[in-house]
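Taking my numbering, I'd label the letters of the sequence shown as residues 2 to 80.
Incorrect hints may appear among the rest.
[Said to hold, decoys possible] Pairwise CB distance ranges (calculated):
1) K65 / K30: 32 to 40 Å
2) R59 / Q27: 30 to 38 Å
3) P57 / Y37: 40 to 48 Å
4) L77 / P45: 49 to 57 Å
5) L49 / F75: 26 to 34 Å
6) D73 / K30: 33 to 41 Å
7) P45 / N80: 54 to 62 Å
By construction, these hints were calculated from the structure, which means they are not laboratory data.
In this text the structure is predicted, and so the values were computed from the model without any measurement.
Glycine included, C-beta positions come from ideal geometry on N, C-alpha and C.
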Amino acid sequence: MMKRIALIALALALAGCGTNNGVRPQEGKALPVAPYGAAAQPTPAELLTPSPQARPQRSNELLKTSEARRQDEFDLPPN
């Protein structure tokens, strides 16, 4: 029981150690190569920022007018 508590305390202590302040490549290592077609190599901050496709904005626009649905040509009865 005591080992389990010590293990949980150690895991929680180690989990709190990570920060991302001042992210830069390790000594002697370079950043990943620039993406194909990119004008410049992205900075670490740009690499850590999610793209709009990865984190899309929420749309709260309400439907203001009703519209009739189009005929679905693939809505066939079962055989």
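Evaluated hints:
Remark: the range hint 32 to 40 Å for K65 to K30 is contradicted by a beta-carbon distance near 54 Å. The hinted range of 30 to 38 Å is satisfied by R59 and Q27, whose Cβ atoms lie roughly 37 Å apart. Separated by about 24 Å at the C-beta atoms, P57 and Y37 break the suggested range of 40 to 48 Å. One distance hint, 49 to 57 Å for the beta-carbon pair L77 and P45, holds here, with the actual separation near 53 Å.
Between L49 and F75 the beta carbons are some 43 Å apart, a value that contradicts the proposed interval 26 to 34 Å. Taking the beta carbon of each, D73 and K30 are about 54 Å apart, not inside 33 to 41 Å as hinted. For the hinted restraint 54 to 62 Å between P45 and N80, the CB-CB distance of approximately 58 Å keeps it satisfied.
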